[in-house]
Structures are given as structure tokens and as C-alpha cells.
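Since the structure of chain A is provided, determine the placement of chains B, C and D on it from the hints.
4 protein chains.
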Amino acid sequence: MKVGFIGLGRMGTAMADRILGGGHEIAVYNRTTAKCADLISRGAKLTETVAEAARFGDVVITMLENDGALSNVALGDSGLVASMAKGAIHVAMGTHSISLIKKLTAAHTDAGQILIGAPVMGRPPVAAAGQLGILAGGPTAAIEKCQPLFAVMGRRTFEAGKEPISAAAAKISVNLILACAIEAMGEGFALAEKCGLAGPAFLDILTDGLFAAPAYKTYGKIIAEKSYFGDPGFTATTGLKDINLALAAGESVGVPTPALNASRDRLLAAIANGHGDRDWTVMALEQARASGIA
Amino acid sequence: MKVGFIGLGRMGTAMADRILGGGHEIAVYNRTTAKCADLISRGAKLTETVAEAARFGDVVITMLENDGALSNVALGDSGLVASMAKGAIHVAMGTHSISLIKKLTAAHTDAGQILIGAPVMGRPPVAAAGQLGILAGGPTAAIEKCQPLFAVMGRRTFEAGKEPISAAAAKISVNLILACAIEAMGEGFALAEKCGLAGPAFLDILTDGLFAAPAYKTYGKIIAEKSYFGDPGFTATTGLKDINLALAAGESVGVPTPALNASRDRLLAAIANGHGDRDWTVMALEQARASGIA
Amino acid sequence: MKVGFIGLGRMGTAMADRILGGGHEIAVYNRTTAKCADLISRGAKLTETVAEAARFGDVVITMLENDGALSNVALGDSGLVASMAKGAIHVAMGTHSISLIKKLTAAHTDAGQILIGAPVMGRPPVAAAGQLGILAGGPTAAIEKCQPLFAVMGRRTFEAGKEPISAAAAKISVNLILACAIEAMGEGFALAEKCGLAGPAFLDILTDGLFAAPAYKTYGKIIAEKSYFGDPGFTATTGLKDINLALAAGESVGVPTPALNASRDRLLAAIANGHGDRDWTVMALEQARASGIA
Amino acid sequence: MKVGFIGLGRMGTAMADRILGGGHEIAVYNRTTAKCADLISRGAKLTETVAEAARFGDVVITMLENDGALSNVALGDSGLVASMAKGAIHVAMGTHSISLIKKLTAAHTDAGQILIGAPVMGRPPVAAAGQLGILAGGPTAAIEKCQPLFAVMGRRTFEAGKEPISAAAAKISVNLILACAIEAMGEGFALAEKCGLAGPAFLDILTDGLFAAPAYKTYGKIIAEKSYFGDPGFTATTGLKDINLALAAGESVGVPTPALNASRDRLLAAIANGHGDRDWTVMALEQARASGIA
Numbered sequence: 017m018k019v020g021f022i023g024l025g026r027m028g029t030a031m032a033d034r035i036l037g038g039g040h041e042i043a044v045y046n047r048t049t050a051k052c053a054d055l056i057s058r059g060a061k062l063t064e065t066v067a068e069a070a071r072f073g074d075v076v077i078t079m080l081e082n083d084g085a086l087s088n089v090a091l092g093d094s095g096l097v098a099s100m101a102k103g104a105i106h107v108a109m110g111t112h113s114i115s116l117i118k119k120l121t122a123a124h125t126d127a128g129q130i131l132i133g134a135p136v137m138g139r140p141p142v143a144a145a146g147q148l149g150i151l152a153g154g155p156t157a158a159i160e161k162c163q164p165l166f167a168v169m170g171r172r173t174f175e176a177g178k179e180p181i182s183a184a185a186a187k188i189s190v191n192l193i194l195a196c197a198i199e200a201m202g203e204g205f206a207l208a209e210k211c212g213l214a215g216p217a218f219l220d221i222l223t224d225g226l227f228a229a230p231a232y233k234t235y236g237k238i239i240a241e242k243s244y245f246g247d248p249g250f251t252a253t254t255g256l257k258d259i260n261l262a263l264a265a266g267e268s269v270g271v272p273t274p275a276l277n278a279s280r281d282r283l284l285a286a287i288a289n290g291h292g293d294r295d296w297t298v299m300a301l302e303q304a305r306a307s308g309i310a
Numbered sequence: 017m018k019v020g021f022i023g024l025g026r027m028g029t030a031m032a033d034r035i036l037g038g039g040h041e042i043a044v045y046n047r048t049t050a051k052c053a054d055l056i057s058r059g060a061k062l063t064e065t066v067a068e069a070a071r072f073g074d075v076v077i078t079m080l081e082n083d084g085a086l087s088n089v090a091l092g093d094s095g096l097v098a099s100m101a102k103g104a105i106h107v108a109m110g111t112h113s114i115s116l117i118k119k120l121t122a123a124h125t126d127a128g129q130i131l132i133g134a135p136v137m138g139r140p141p142v143a144a145a146g147q148l149g150i151l152a153g154g155p156t157a158a159i160e161k162c163q164p165l166f167a168v169m170g171r172r173t174f175e176a177g178k179e180p181i182s183a184a185a186a187k188i189s190v191n192l193i194l195a196c197a198i199e200a201m202g203e204g205f206a207l208a209e210k211c212g213l214a215g216p217a218f219l220d221i222l223t224d225g226l227f228a229a230p231a232y233k234t235y236g237k238i239i240a241e242k243s244y245f246g247d248p249g250f251t252a253t254t255g256l257k258d259i260n261l262a263l264a265a266g267e268s269v270g271v272p273t274p275a276l277n278a279s280r281d282r283l284l285a286a287i288a289n290g291h292g293d294r295d296w297t298v299m300a301l302e303q304a305r306a307s308g309i310a
Numbered sequence: 017m018k019v020g021f022i023g024l025g026r027m028g029t030a031m032a033d034r035i036l037g038g039g040h041e042i043a044v045y046n047r048t049t050a051k052c053a054d055l056i057s058r059g060a061k062l063t064e065t066v067a068e069a070a071r072f073g074d075v076v077i078t079m080l081e082n083d084g085a086l087s088n089v090a091l092g093d094s095g096l097v098a099s100m101a102k103g104a105i106h107v108a109m110g111t112h113s114i115s116l117i118k119k120l121t122a123a124h125t126d127a128g129q130i131l132i133g134a135p136v137m138g139r140p141p142v143a144a145a146g147q148l149g150i151l152a153g154g155p156t157a158a159i160e161k162c163q164p165l166f167a168v169m170g171r172r173t174f175e176a177g178k179e180p181i182s183a184a185a186a187k188i189s190v191n192l193i194l195a196c197a198i199e200a201m202g203e204g205f206a207l208a209e210k211c212g213l214a215g216p217a218f219l220d221i222l223t224d225g226l227f228a229a230p231a232y233k234t235y236g237k238i239i240a241e242k243s244y245f246g247d248p249g250f251t252a253t254t255g256l257k258d259i260n261l262a263l264a265a266g267e268s269v270g271v272p273t274p275a276l277n278a279s280r281d282r283l284l285a286a287i288a289n290g291h292g293d294r295d296w297t298v299m300a301l302e303q304a305r306a307s308g309i310a
Numbered sequence: 017m018k019v020g021f022i023g024l025g026r027m028g029t030a031m032a033d034r035i036l037g038g039g040h041e042i043a044v045y046n047r048t049t050a051k052c053a054d055l056i057s058r059g060a061k062l063t064e065t066v067a068e069a070a071r072f073g074d075v076v077i078t079m080l081e082n083d084g085a086l087s088n089v090a091l092g093d094s095g096l097v098a099s100m101a102k103g104a105i106h107v108a109m110g111t112h113s114i115s116l117i118k119k120l121t122a123a124h125t126d127a128g129q130i131l132i133g134a135p136v137m138g139r140p141p142v143a144a145a146g147q148l149g150i151l152a153g154g155p156t157a158a159i160e161k162c163q164p165l166f167a168v169m170g171r172r173t174f175e176a177g178k179e180p181i182s183a184a185a186a187k188i189s190v191n192l193i194l195a196c197a198i199e200a201m202g203e204g205f206a207l208a209e210k211c212g213l214a215g216p217a218f219l220d221i222l223t224d225g226l227f228a229a230p231a232y233k234t235y236g237k238i239i240a241e242k243s244y245f246g247d248p249g250f251t252a253t254t255g256l257k258d259i260n261l262a263l264a265a266g267e268s269v270g271v272p273t274p275a276l277n278a279s280r281d282r283l284l285a286a287i288a289n290g291h292g293d294r295d296w297t298v299m300a301l302e303q304a305r306a307s308g309i310a
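Same order as they appear, the protein sequences are chains A, B, C and D.
Residue numbering for the first sequence is 17 to 310, as defined by my numbering.
Residue numbering for the second sequence is 17 to 310, as defined by my numbering.
Residue numbering for the third sequence is 17 to 310, as defined by my numbering.
Residue numbering for the fourth sequence is 17 to 310, as defined by my numbering.
Next up, chain A with everything else stripped away, as it sits in the complex:
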């Protein structure tokens, strides 16, 4: 297939590279062109404008960091909506707000184009290995058309609804549950510790059965070892952005989220106390602090 690809950060680069390796033709666009060098050396075509990438093939993928970037690229003058051919497909693979995806769906539909929401689960190394989980929401036929691309980027494509916002909500909801799990661990570890049980021993108990899953093993290890100040996998500030996406989604469709708010307040307190650049498990450090043990 011929694919335009916009947004060559760490995730985007790894994903574009998989597409290229899968035998597809790809035209890349990034605000700072330097980031495209490797891909170009491997055969990708460099485009100078969003519009050019938009018209390169029948499909254009965006992997942008936030709503602002996607809004500029898609809705700005000479943006995707203005530039894509009728019938062309925009696959938005970043994590975006329900309200922007809704707005964008309407804009593409009005222009006779198709939007697929397809946020992903996995970090850059997972992307590089083509092992992402891809949450695809949108018209079935369009998703099927893109499946060859998803197949090289991911280990599995999940049917995440007929609407792009369903897929966005799926990603946001998983993040919501993750933020809650971290706060809950903070509370549980603090209680165990104040009753004389060391973190690693409690982690072992916790993840042996009911909670034998990566979310608990990965984040629980940081909490158990109090290694909050190591290399952050995901910073507190970024975590707060994700929580905000969930809060905004909840507000836009009418879903109150008290457990998420407990995570939000804990994370915000951690940030207020100077830990914005630390791993977002500092939620548990702040919980320990509120428990008088940090």
C-alpha cells in the first residue's frame, strides 16, 4: 500500500519503520525534518507539507503527541481534511480526547473522507518489534482495508467499535484503570508497610494470584522497592495528561469517576511537591507521605 505518515517521534518512527519493512510505500512528514533521516535512508519518501503526505496514498496515518498537534495537522489550513482525496482514510493512532476525535470524525465525514481511531497499547520497543495492541474503531470496511498495515505494526487488532471515539475511549479507559491501580497499590503497600510487612514481600503476595499481571508486577516493583527516582518509564506530568483525558471524556459523555479523581489528586500532590519529572508511581510516594512514612 501507499501510506502517508505524519508524526515521527519515538513511537511514530518505530511504527513507520515496521510499515516500511512490511513492503509498503511510505511518505513521511514531520515538523522537524531531521527526525525522518533514518527512514528516508531506508526508502521512505520525504514530504515537505502535510498536504503532500495527505495525498500520497489512500491512507494517511498520524501518530501525534497531543490534541494540539493533531488539530493543527488535521484541521488547519492545508491540513488533512482540506487535502485528502474523497474516500481516503485517516488513521489517527495517537491518544486523543473524545471531543477532538468527535470533531474530527464530523469534519472528515463532511469532506467525504473516513476517520479511523486506532490508538495503540505499548511503548517504543514494543512498537519496534511490531507487537503493539491496536484498538481500531471506525467503519468495518475501512479497518479491513488498513489491516495489512496494522498487521505489521501490531500483534493484534482489537475491534473497538464502529466509531472512532469508541477506540479513543477504550484507550483512555485502560489508562483510567491503570491510574487507579497505581493509587490502590499505593494505599495497599502503605498499609502493609505500616503493619510491618516490607514492600517486596507484599508484592510477592499480591502478584502471585489475583493480580498476576504486568500492571501490578511492573508498577508494583517500583513501589515495593521505592525506586521512584530511577529512570521514569512514564512521568507524573505525562500521567496527569492521561488522567485529564479521562476526566474530560467522563465529563463530555457524563461519567463521574471518583476512583480516578483519587489518583488525580494524589498525582497532583506529588507534582506540587516537586516530582513532576519522576515516574508516575510517585503517586505511591505521596500516599506514603500522607501516611507518615515518607
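One thing to keep in mind: the hints can contain errors.
Treat identical chains as interchangeable: a pair holds within one or across any two.
As the list claims (entries may be wrong) - Pairs of lysine-lysine, BS3-like flavour, derived with a Cα cap of 25 Å:
{"hint": "1", "residue 1": "K242", "residue 2": "K102"}
{"hint": "2", "residue 1": "K119", "residue 2": "K257"}
{"hint": "3", "residue 1": "K178", "residue 2": "K242"}
{"hint": "4", "residue 1": "K178", "residue 2": "K237"}
{"hint": "5", "residue 1": "K118", "residue 2": "K51"}
{"hint": "6", "residue 1": "K51", "residue 2": "K61"}
{"hint": "7", "residue 1": "K118", "residue 2": "K257"}
{"hint": "8", "residue 1": "K257", "residue 2": "K242"}
{"hint": "9", "residue 1": "K51", "residue 2": "K119"}
{"hint": "10", "residue 1": "K119", "residue 2": "K178"}
{"hint": "11", "residue 1": "K61", "residue 2": "K102"}
{"hint": "12", "residue 1": "K51", "residue 2": "K18"}
In short, the hints are calculated from the structure, not lab data.
Chains B, C and D alone, transformed into the frame defined by chain A:
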């Protein structure tokens, strides 16, 4: 070994049966003697009083439903503390409050006896299969002495601290994290559903990677299928009792628990709306209600 | 009237003194007799037992610090229920739990006696001035009979329902709202301060109109001036007891209380950080801490 | 003085009318000119553009409904920043976000102009009577210069800091405390009612002493009488906007707000259940629902 066993409910019976099957001598006591019939037919000795069970061997196990029952059995006139020999071991395997376990530890110590806190993870069928997770807290030598008993009841004995309360806290903290996970799922599923994604589809996404664990698969399935009114694995009212144990523990050692409180308030609302006897995942039903979709 | 009076702490002494000054005959009982000396010198009769106080007149008032004390005095052997004449009235003026008041109502009714729940609003100096607010719940005729006593103790008797628990709930609910107001101020003052507005200036704005009430003026002043470590009007530990009464009440009748829980968690964190003996406005200090400004 | 006035909604019209009545010259601008008719008939000058209003005198007042409107008027092409003379004063009297006020302060400063943040407390009838509370934040000299205008609009000008954001924060923080008071009342009234005490009786008790203030009397009356569906003084949807301003403020300066979040979630649930256009005390209706009594 010679073991006294007090508390022959469904869990206790299954556990006593494993001990018997393991070649140990066992003397059972239960307030309603009828529940002991099967065990007696299989070779257990029936005792008429707590005191008799207390003196049958070097170890007496209690598997009682709540603090009231344990307090009566252990601290009452002619109870365990009054009856056990010096140096004898009491293994408390029910889920009890930090404050009672603390009080009981002191009472046994004053009487020259030893208390082991050893709450378990697993339901009756798991107990019957000898596959419990046993969280053992107390003096190392005493725990080692009981290990032959633990070995027939459980698949694994976890070292849960040098103090009985550490083990109690471990169990309570796991329950805390579970209650939080259910509320978080309630929020996540409501958000997904209001954005057009059906429960089972979201469950599939959720439990494929980060949350591929029994807690999410088991409870998530009930939520995804809205099968709240089926046979309850664990009722809302019982769930609230466990949450209260965690809140009381948090208060007694100084640990605030906002995420747990979100679960508590949701569960309490479900109970206030008539769902006390339903499975405690009705938390998610109440969350759906608050979201305008139930 | 002839009145028995049990519980001569600071509040009870001031109240009994008002009754004495109102021309009534009073027989006092206190666990530590020394506290009754002043009242006796002014004409009160000393009784040696609860039973004696219970039979002195048609009315016996209790002003006890907590549920444990009231339970002992009323439900113990030779307690009020066992000792009062048929038709006699017990006026419980302490702040007690819904569940104890419910149990006590049933016990008195079974014994042909009458219980009035009549908790009060006001501190010792207010009691000494006969200016308490008295929240009276119970049978109308019984309340009317006691009105001469209420008239000398309080500035106003509120009709707080036909059941003693209604009056208990009224007191508990006012306390609930107060605990929430303090947490809310903590949040508001922290926000104002972090935006450059000093506490006293914000206090002036807050209490000028919408919130021109003693709750905000009194507690707001401590928060605005950060005088948390002065003479505590009401300690954090005592505040937590009151919050617990409200949480227990909510649980017993099915009322979730998320705002109260926010206060509970803040107060518990303050206590966990060593401020249990400080004024309960340390909630705001802990809020400031979580906001990075304390 | 010569004053430009932009934003002639119900509040703005009442305020402009007071200025006119105070003997000042006023030039008005509104997107829909019709709303200015009355003022013009009474002597106000109609302007066709923001720029014209901006240059009419040394002071221009904005009373706009939200951030979007203020941003357009102040920061747009030919907006206030682009049009006002050096040294001129912009008095922003609407309730706006900390982040917009911060941005606007910088823009005016860069242009050699002065921003005063001066949000008000009071509804349209209060404005019509010149009895607003005016929270003025900014350079002292500029505030003093505007005092003749404040004097005819308000009963009192509060010194709300040297920065415009301090004044914005003051207003937002008062609203935060109000939202919390309503949720707290919802919880307290539900508890009282479920224990047999009718709303009006509890209201009487509540507002007699500690809480004898308009916030409790006004909103408490609606809750006590369950008159949620009468003419809304302030709708749930508008209330949520105010709560969001407080949440955003908390996030921007680092203040977690758990009590406010309890209000937010309750209000959001009320809106999700169809009550967005009702008075925002529907928070208490939703609380009653969660308590099984509505």
C-alpha cells in the same frame, strides 16, 4: 501432628479435611456440632469445648468468620488463651482486624503461648484442592513447625512478616486493592460504553495485556456481561465488611485511603438501593446508574 | 423537678449547675466522685451508684463522652434500664452513635421506660451560660415534660424528630457538614495562597457574604493565620471520632458520604503525620502540605 | 470618568447602568447590539468595534461570560491588547480561568497596559442595586483609579492581591467552597432524613448557629424542600463550569481538591441523569438517589 481445629464452616471444613487427609490427627470443635459429622466419620475427634480442642495438640487452628467469633473463642472464659499449654501455637486463619490480632498477640504472649496470623487466599473449592495461598506472619520457628500443616492446605506459604498483624494486613491490603480494581473497572466500562464500546469488547482489550489477571478477568466478565444478579461469588454486604476491615486498619495505623473510599461509597450506594445480597460487582451497576446508563 | 445526672465532665458539670440554679433537685453520679464536689457544695445530692441516680426522680440525664461509657451506664448490670422506674425518662445528651441509640431505645421501651435523644450544640462556656442548642428527639409528651430542664440549659430546644435516633442524626449531620467545611476551606485557602492571595485577605472575602457564619469565621481564622498549633478547641483525634460516628451512621442507614471521606482522609493524614493533638483544622495544614506549601 | 464597557449580558447591563447612573461617560460594545438599546437611550454611546470601546477612555471594563469570549475580545486581532493606549486599564470583571488571566496579564504588560482582575460576587439584582462585592487584584494605583467606578457598582471593594490572578483565584475559591457546601448538605440531609428527621427541621437546626449564613440558608432551603425543579438560580451545567475553573486552577498551580471532586462527581452524575438544566442543588438529589431515597 496433633491439631485442634475450631470453626467448621465451608472453608474450615475443607481445610480440616486436607489436614486429616495429610495423615495428621485432628480434633474439631464447632458451635453447631452437626457440621463436624463428615470429618468425624473420616476419623476426626469431636471435642465438646474450645478448651478441649485447645489442649488436644501443640497447635490449634481457628478459621472463624469474624472478629466477634474469634474474640469469643480466644479471649472468652475457658477460651484458647485460658486453655492452651505454654508454648502451644494458635494459628488464626480467618480474616480479622488489625486491632483484634494485635490484642490477641499480646494476650497469647502474656500467657506464654504463640500466635501465628495466617489468613488465606482462595475460596472453598480451592481449599478443598489444597491450593490455598497462605499468608503466614509470626515467629519464624513457629511458622516452620506448622509448615507440614500449611503444606497440605496450600500451594504456597508466603512469609508475611514476623508479626501476626503483618499477615492480617497483607490479606486486608490485597482485598483493598481488589475493591479498588472493581470500582475502577466500573468507571472504565461506563466510559467505554457511553462512547459506544460494548462491555465484552472492552473486557477483551483490558485483559489482553496489562491486566491479564484473574481479578480483571473474573470480575470484569460480570461487569461486561452485566450479570450482576447471578449467583453471587461474594455479596455486596460481605464486600463492605472487608472494606471496613481495611478502613479500620488504615485508621488504626494511620493510612488514608481515598481510592478505597470511592469503592466504599459506591458499594454502600448499591446496598442502599437494594443490592446488598448481589455480587459485590454491583459497584459497577451503581457506577453505571450514576452515569445515567442503568 | 427531681433529676438524676450522670456524667460530670466539663460539659456535664456546667449543665448540672444550670439545672441546680434553675431550682431543681439534682442527684449526681460520676465514676470519679471528686468531680462532683462543687455541685454538692451548692446543694446537689451525691449518689454512690448509677441505680441510685436512676431512681432519684422521674428523669435521669446522661452526659457521657462516648458510646462505651453510655453503654456501661445504661445497659450494664444495675444500669439505667435495669434500675429506672416504669414510665421514667432517660435523656441522653451526649453525642452517640445511631446504633447505640437504636439499641438503647429498644431496651428502654422493653422495660416500659422512655428514651429521649437530646444532644447539644455548644462548648462548655456556652453550657455554663445556659445557651446550648438542644436537639430533642423522642415522644412529644416526654420532651414537653423535660422542657423546664432544657429551658435552663439551652437557649432553644429544637424538635428533632419523634425518635431518639433522629436527634442523634441531627447532631452527627451538623458535625459532618462542619468537617466538610473545614476540608473545603483547606482547599480554597491553598488555592488562593498559591495564586498570591494571603489567608487573612481571603478570609475577609469569604466571610463577608455567603459564608458569614461562625463555622467559617472561627475555623477560617485559624486556617488564615496558620495558628494550627495554638490551644486546640477540638483536637484532630476527637474530630476523627466525630467523623467516624457519621461514617458509621451512613453505613447503618445506607448513605454514602464522599465529601466526608475527603475530610476523613485529610484528617487521618494529619494524624499520621503527628498532629493528633492539634486543633482539627490541621486538616488544612495537611492540605497545604499536599499542595506543596507547608 | 470615561469608560468603555464590553459584554452586556444581564450582569453587564446592570453594572453599566450603575456606572451611567454614577455620572460617568460610558461607551458600550456588545456582539449583539440590540442588548445595548436601553443603555443607549439613557445616554451611553454605542461603539461598533471592540477597538473603539477600547479607546473611548482610560479604562475599559469587560464582563464576559467565559474564557472564549474574553480571549477573543482581548487577544484577537483589533482586540483590547492591540487597541488600548499605553497606560490604559482593562478591568476584567467576569469569572475567568487562572491561565487566561495570567496570559492576559502578560500580554497587557508587554503592551504597556494594565490589567485589573475584578470578579464580582452577586447576581443581577444585586448588581442592579450597586451592592456587588468586588474582588480587585492588580497594581494598587490602578485599582485606586478605578475605585469611583467600583463604588457605584459595589457595596465593597476587597483588596484581592497585587496580581490579577489573585482576584480570579479568590472568586474561584469561594465558588469551590460553595460547591463543597452543597455536596456536604446533600450528605447531611440524606443522613438526617434516613434517620427520620425531615429536611426543614434539619435546616432549622443547621442554620441556627454555626451555619447561619446565606449559602446554607439559600441552598439548604431548596434541598430541605426538595424544590430542585423550580426556577434554577444557577444551573447544574453552569455549576460544573465553575467547578471546572477551580479544578483547572488547582491543576495549574498544584492544589489537589478531593472535596471539590466529590462535588464534581455528584454534579456530573446529576447531569448524566438528565438534570443539567436544573438548579445545581440537584447534587443533593443525586446524593439522595445514591442513598436510596430518591
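Each hint, compared with the structure:
{"no.": "1", "hint": "K242 <-> K102", "in the structure": "neither (54 Å within a copy, 41 Å between copies)"}
{"no.": "2", "hint": "K119 <-> K257", "in the structure": "both (20 Å within a copy, 21 Å between copies)"}
{"no.": "3", "hint": "K178 <-> K242", "in the structure": "between (43 Å within a copy, 21 Å between copies)"}
{"no.": "4", "hint": "K178 <-> K237", "in the structure": "between (38 Å within a copy, 22 Å between copies)"}
{"no.": "5", "hint": "K118 <-> K51", "in the structure": "neither (30 Å within a copy, 34 Å between copies)"}
{"no.": "6", "hint": "K51 <-> K61", "in the structure": "within (13 Å within a copy, 57 Å between copies)"}
{"no.": "7", "hint": "K118 <-> K257", "in the structure": "both (19 Å within a copy, 21 Å between copies)"}
{"no.": "8", "hint": "K257 <-> K242", "in the structure": "within (23 Å within a copy, 31 Å between copies)"}
{"no.": "9", "hint": "K51 <-> K119", "in the structure": "neither (29 Å within a copy, 32 Å between copies)"}
{"no.": "10", "hint": "K119 <-> K178", "in the structure": "within (16 Å within a copy, 40 Å between copies)"}
{"no.": "11", "hint": "K61 <-> K102", "in the structure": "within (23 Å within a copy, 51 Å between copies)"}
{"no.": "12", "hint": "K51 <-> K18", "in the structure": "within (21 Å within a copy, 56 Å between copies)"}
Against the hints set out earlier in the document, violations occur for numbers 1, 5 and 9.
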